[in-house]
Amino acid sequence: MTTDTRSAVQDRRAEYAFHDDLIYLHEAKRGLTRATIEEISSIKGEPEWMLQYRLRAYDHFLKRPMPSWTDGLDRIDFDKIVYYRKPSEREEKSWDDVPDQIKATFERLGIPEAERKFLAGVGAQYDSEVVYHSVKEELSKLGVVFMGTDQALHEYPDIFRKYFGTVVPAEDNKFSALNGAVWSGGSFVYVPKGVEVPLPLQAYFRINGENTGQFERTLIVVDEGASVHYIEGCTAPIYATDSLHVAVVEVVALARSRVRYTTIQNWSNDVYNLVTKRAHAYEDSTVEWIDANTGSRKTVKYPSIYLRGRGATADIISVAVAGRGQHQDTGAKAIHLAPDTRSRIVSKSVSKDGGRASYRGQVKVSPGATGAVASVRCDALMLDDESRSDTYPYIDIQEDDTSLSHEATVGRISADQVFYLMSRGLTENEAQNLIVQGFLEVFTKELPMEYAIEFNRLVKLEMEGSLG
Amino acid sequence: MSVPSLALAFVSEEAARAASDLVGEPDWRLAQRLEAVERVRTLPAETNQLFTPYLDLRATRFGEVAVATTARPVTDGGTLPEGASLLVEVAGATSATRVLGPDAIAGGVIVDDLAGVVRSGAAWVVDAIRDGATLPVEDPFAQVAAAVSTLDLVVAVPAGVRLEQPIVIRWRAGAPGTGSVGRTFLVLGEGASARVLEEQLPDAATDSGPQRLWWGTTEVSLAAHASLELAGLQDFDQDTVAVVNRDARLDEGARLQWALASLGGVLHRSRIDNRLLGRGSSVHQVEIGFGSGAQLFDLTSYTRHIGEDTTGDLLSKGVFTDRSRGYIKGLIEIQRTALGTDSYLGEFGMLLTKRSRSVTIPSLEIDQPNVRRAAHSSSVGPIDEAQVFYLMSRGLDRETARKAIVLGFLEPVVARIPLPEVQERLRALLDAKWPRVESAIAA
Numbered sequence: 001m002t003t004d005t006r007s008a009v010q011d012r013r014a015e016y017a018f019h020d021d022l023i024y025l026h027e028a029k030r031g032l033t034r035a036t037i038e039e040i041s042s043i044k045g046e047p048e049w050m051l052q053y054r055l056r057a058y059d060h061f062l063k064r065p066m067p068s069w070t071d072g073l074d075r076i077d078f079d080k081i082v083y084y085r086k087p088s089e090r091e092e093k094s095w096d097d098v099p100d101q102i103k104a105t106f107e108r109l110g111i112p113e114a115e116r117k118f119l120a121g122v123g124a125q126y127d128s129e130v131v132y133h134s135v136k137e138e139l140s141k142l143g144v145v146f147m148g149t150d151q152a153l154h155e156y157p158d159i160f161r162k163y164f165g166t167v168v169p170a171e172d173n174k175f176s177a178l179n180g181a182v183w184s185g186g187s188f189v190y191v192p193k194g195v196e197v198p199l200p201l202q203a204y205f206r207i208n209g210e211n212t213g214q215f216e217r218t219l220i221v222v223d224e225g226a227s228v229h230y231i232e233g234c235t236a237p238i239y240a241t242d243s244l245h246v247a248v249v250e251v252v253a254l255a256r257s258r259v260r261y262t263t264i265q266n267w268s269n270d271v272y273n274l275v276t277k278r279a280h281a282y283e284d285s286t287v288e289w290i291d292a293n294t295g296s297r298k299t300v301k302y303p304s305i306y307l308r309g310r311g312a313t314a315d316i317i318s319v320a321v322a323g324r325g326q327h328q329d330t331g332a333k334a335i336h337l338a339p340d341t342r343s344r345i346v347s348k349s350v351s352k353d354g355g356r357a358s359y360r361g362q363v364k365v366s367p368g369a370t371g372a373v374a375s376v377r378c379d380a381l382m383l384d385d386e387s388r389s390d391t392y393p394y395i396d397i398q399e400d401d402t403s404l405s406h407e408a409t410v411g412r413i414s415a416d417q418v419f420y421l422m423s424r425g426l427t428e429n430e431a432q433n434l435i436v437q438g439f440l441e442v443f444t445k446e447l448p449m450e451y452a453i454e455f456n457r458l459v460k461l462e463m464e465g466s467l468g
Numbered sequence: 001m002s003v004p005s006l007a008l009a010f011v012s013e014e015a016a017r018a019a020s021d022l023v024g025e026p027d028w029r030l031a032q033r034l035e036a037v038e039r040v041r042t043l044p045a046e047t048n049q050l051f052t053p054y055l056d057l058r059a060t061r062f063g064e065v066a067v068a069t070t071a072r073p074v075t076d077g078g079t080l081p082e083g084a085s086l087l088v089e090v091a092g093a094t095s096a097t098r099v100l101g102p103d104a105i106a107g108g109v110i111v112d113d114l115a116g117v118v119r120s121g122a123a124w125v126v127d128a129i130r131d132g133a134t135l136p137v138e139d140p141f142a143q144v145a146a147a148v149s150t151l152d153l154v155v156a157v158p159a160g161v162r163l164e165q166p167i168v169i170r171w172r173a174g175a176p177g178t179g180s181v182g183r184t185f186l187v188l189g190e191g192a193s194a195r196v197l198e199e200q201l202p203d204a205a206t207d208s209g210p211q212r213l214w215w216g217t218t219e220v221s222l223a224a225h226a227s228l229e230l231a232g233l234q235d236f237d238q239d240t241v242a243v244v245n246r247d248a249r250l251d252e253g254a255r256l257q258w259a260l261a262s263l264g265g266v267l268h269r270s271r272i273d274n275r276l277l278g279r280g281s282s283v284h285q286v287e288i289g290f291g292s293g294a295q296l297f298d299l300t301s302y303t304r305h306i307g308e309d310t311t312g313d314l315l316s317k318g319v320f321t322d323r324s325r326g327y328i329k330g331l332i333e334i335q336r337t338a339l340g341t342d343s344y345l346g347e348f349g350m351l352l353t354k355r356s357r358s359v360t361i362p363s364l365e366i367d368q369p370n371v372r373r374a375a376h377s378s379s380v381g382p383i384d385e386a387q388v389f390y391l392m393s394r395g396l397d398r399e400t401a402r403k404a405i406v407l408g409f410l411e412p413v414v415a416r417i418p419l420p421e422v423q424e425r426l427r428a429l430l431d432a433k434w435p436r437v438e439s440a441i442a443a
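Residue numbers (the working numbering), protein chains in the order written: chain A, 1 to 468; chain B, 1 to 443.
Since the hints were made in silico from the structure, they are not lab data. All C-beta atoms, glycine included, are put in the ideal place defined by N, C-alpha and C. Treat the hints with caution; some may be incorrect.
Said to hold, decoys possible - Here are the simulated distance ranges between beta carbons: (1) B:412 with A:64: 40 to 48 Å; (2) B:124 with A:66: 43 to 51 Å; (3) B:395 with A:442: 41 to 49 Å.
Said to hold, decoys possible - Taking lysine to aspartate or glutamate pairs in the DMTMM-like style, the calculated list, with each CA pair at most 20 Å apart, reads: (4) A:193 with A:158; (5) B:354 with A:401; (6) A:193 with A:224; (7) B:354 with A:340; (8) A:86 with A:137; (9) A:93 with A:137; (10) B:354 with A:396; (11) A:80 with A:27; (12) A:174 with A:71.
All chains should be modelled from the sequences, with the hints used to inform the complete structure.
The following block contains the structure:
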């Protein structure tokens, strides 16, 4: 690899790797007890039902054993984590009001710039609390709500209580229970009947403090005939010790609505990223998860869609890049519960430098879900002998007129392709880069252009020096 | 979710010692039995967490079955079927007989119980069995066989011997309310080749009654460049629980073909372990299950690519009618040493009734990207209406067309059955499953 090609790639990772020495307005003691939960709920001034919900979730978290079907989770030391860090007094609507130090962080990450350019709304979360949310005025007038989840609990209590915890119950798994107990921040989105949000809403998540746990909770309700595209990105500085990101995302897509949820996950390599994302798709609605994971030490995440209404459609694109010391345990689930439902899952993974990429997925067609059509396609690229790639698909069909197909391949970059591109004047590294980008294009082509460029840049950086 | 152990009353130290009570059974075999008893006691029923959600033993009545504990020697007797080179027939828990044709005798083929093989001093056979650690230590079902098998049947073909006519090994389930546990070792010396037909058949007098149990293994050891074609046909009564472990180790250049058809049993639990150790070894596996009534076909297959340039071509197909179910679980492992692997795993289900169910889990674990191919595919669906339409346009009525398509789906296994009359019998058995389909459609 020549210095030319190296300098051709601008390494922006260093720009994300800084951290702020911030004095928090409030910081919970390390470790998790009932008192921590009562403290969080009290600081937030929550209604009694939410405190009870948190405590119930906490009890379940204690009872539930650590999942052992994926490895490495036993390394998480729950007692070392700080479960709540409050950086600012309140959620601001104007960028100018955000505390300077936090503002500087997001400025460096390019958030307000992005907002000006092409977004319908922006939210930013710093450790435990949302520090900023804004939505374009014309959308507010149409009744579109985009705010921090905590704020929504106070301002929209009815719709909040109607849907909160209905898609992902606290008892769903150990980590949804943990999130239920200590959740803080996240986005709340409500799109009223028939309203189409033309530009994406974006949320930005940042872990700053060492050993911080970020437990955001996102709830998106899209009413009948409405549509929205929600994008989230995440970064964290690198500490030598572990941070924990345990989010729960609930999406309710009511009849004839369209929801697209895009994630570009680029946590630093000391973050355990254990996320439960699930959508309920009602009659003739369409839900799309577009999910990319390049960061974190370990990600466990299988965006799921429960097709509950006749004619609903699920589309999941899952992309993972696993480098040194990383395990991306990602995938997708499509659960067909109603007639004439369709699902498509496309998974692409790249593993390199000893990284491990695992696809874990499920397609289930329940009794009564007649006429279901489902397809799964998993492709994996392994760039060297030290890396590992796994595919674990579960296909459970209980209706006789289902049409399901599943295909998977694993391989390495073909020498012929590299040779061809080199014969056209590319260096070996450029050739490999191009092939990997082409391999992941099914994902990038679904992104807004600015994101696609940024994602390709990330991949390019991941690819640097990966060639022997 | 923790999985309980099998906790089988008939697997005990006492039972292991009783089963071991044949003159000449070596000490290492008894030691192996006692270790296996301990494993059965302590291991969860499914140790692979990938597959724990799809373990279903609710149909079993292990406690109500009288499992035979008396060791069975192999004796001479029986009539050689037309076209076979030798026959071993095991009837329930009572007797095991053998009859060898002229080719088998001329080739020096060994057919005996393990104790007899040890007495006869055929060290190459004993070594292959003893050193091979032939059954997976983490699978308690396999360890039940290791613990309390009352017949360790050995068929060994010496180096360089090529048997053209098939070896027939016929197991019959016992009377209702009884069970038996046995093992079969197939050992082929360097460059040897053979074809084996394994039949698992119901008791001759088929009055149904309390549950019966048939528990067995096929443990294959292929020396360099040996070649084995094995066809299996399981046609037990629907009151039988059948547990089968098949395990193969292949040295350099060895070739193995499995063609396995399962039709009977209330629960047919099968696990195949292929270990491709030697450079250039290859396994081709075709497995079919045809379920009706409340049958459950639980078919697991592990293929481990360890040596260089190995080939695995694995195909499992299930057709399910009535309330029957198929759990088809597979794992291909390509280890770091396995450069140049060509591996394919296909799992296909066809559902003919609303209440049938197909689960497929075709998994891959890959540590070596320098492969010729590493892929799997799976599909589940009804009978293809376009194919039905095509056949109807050629003059077939609808039911005949549907039946032809289903039988065509299963034909890859039928075609690999070595004896023509057994092939015909399998076709007839598959055909006989069909009326249930018709009645299910009518209902």
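The hints, checked one at a time:
1. B:412 with A:64: 40 to 48 Å: Distance hint for residue 412 of chain B, residue 64 of chain A holds at roughly 45 Å.
2. B:124 with A:66: 43 to 51 Å: About 49 Å separates the Cβ atoms of residue 124 of chain B and residue 66 of chain A, which means 43 to 51 Å holds.
3. B:395 with A:442: 41 to 49 Å: holds, 45 Å
4. A:193 with A:158: holds, 17 Å
5. B:354 with A:401: holds, 8 Å
6. A:193 with A:224: It holds: about 5 Å lies between the C-alpha atoms, which stays within 20 Å.
7. B:354 with A:340: holds, 15 Å
8. A:86 with A:137: violated, 28 Å
9. A:93 with A:137: holds, 11 Å
10. B:354 with A:396: With Cα atoms ~14 Å apart, residue 354 of chain B and residue 396 of chain A stay inside 20 Å; holds.
11. A:80 with A:27: Cα-Cα ~13 Å, so holds.
12. A:174 with A:71: holds, 15 Å
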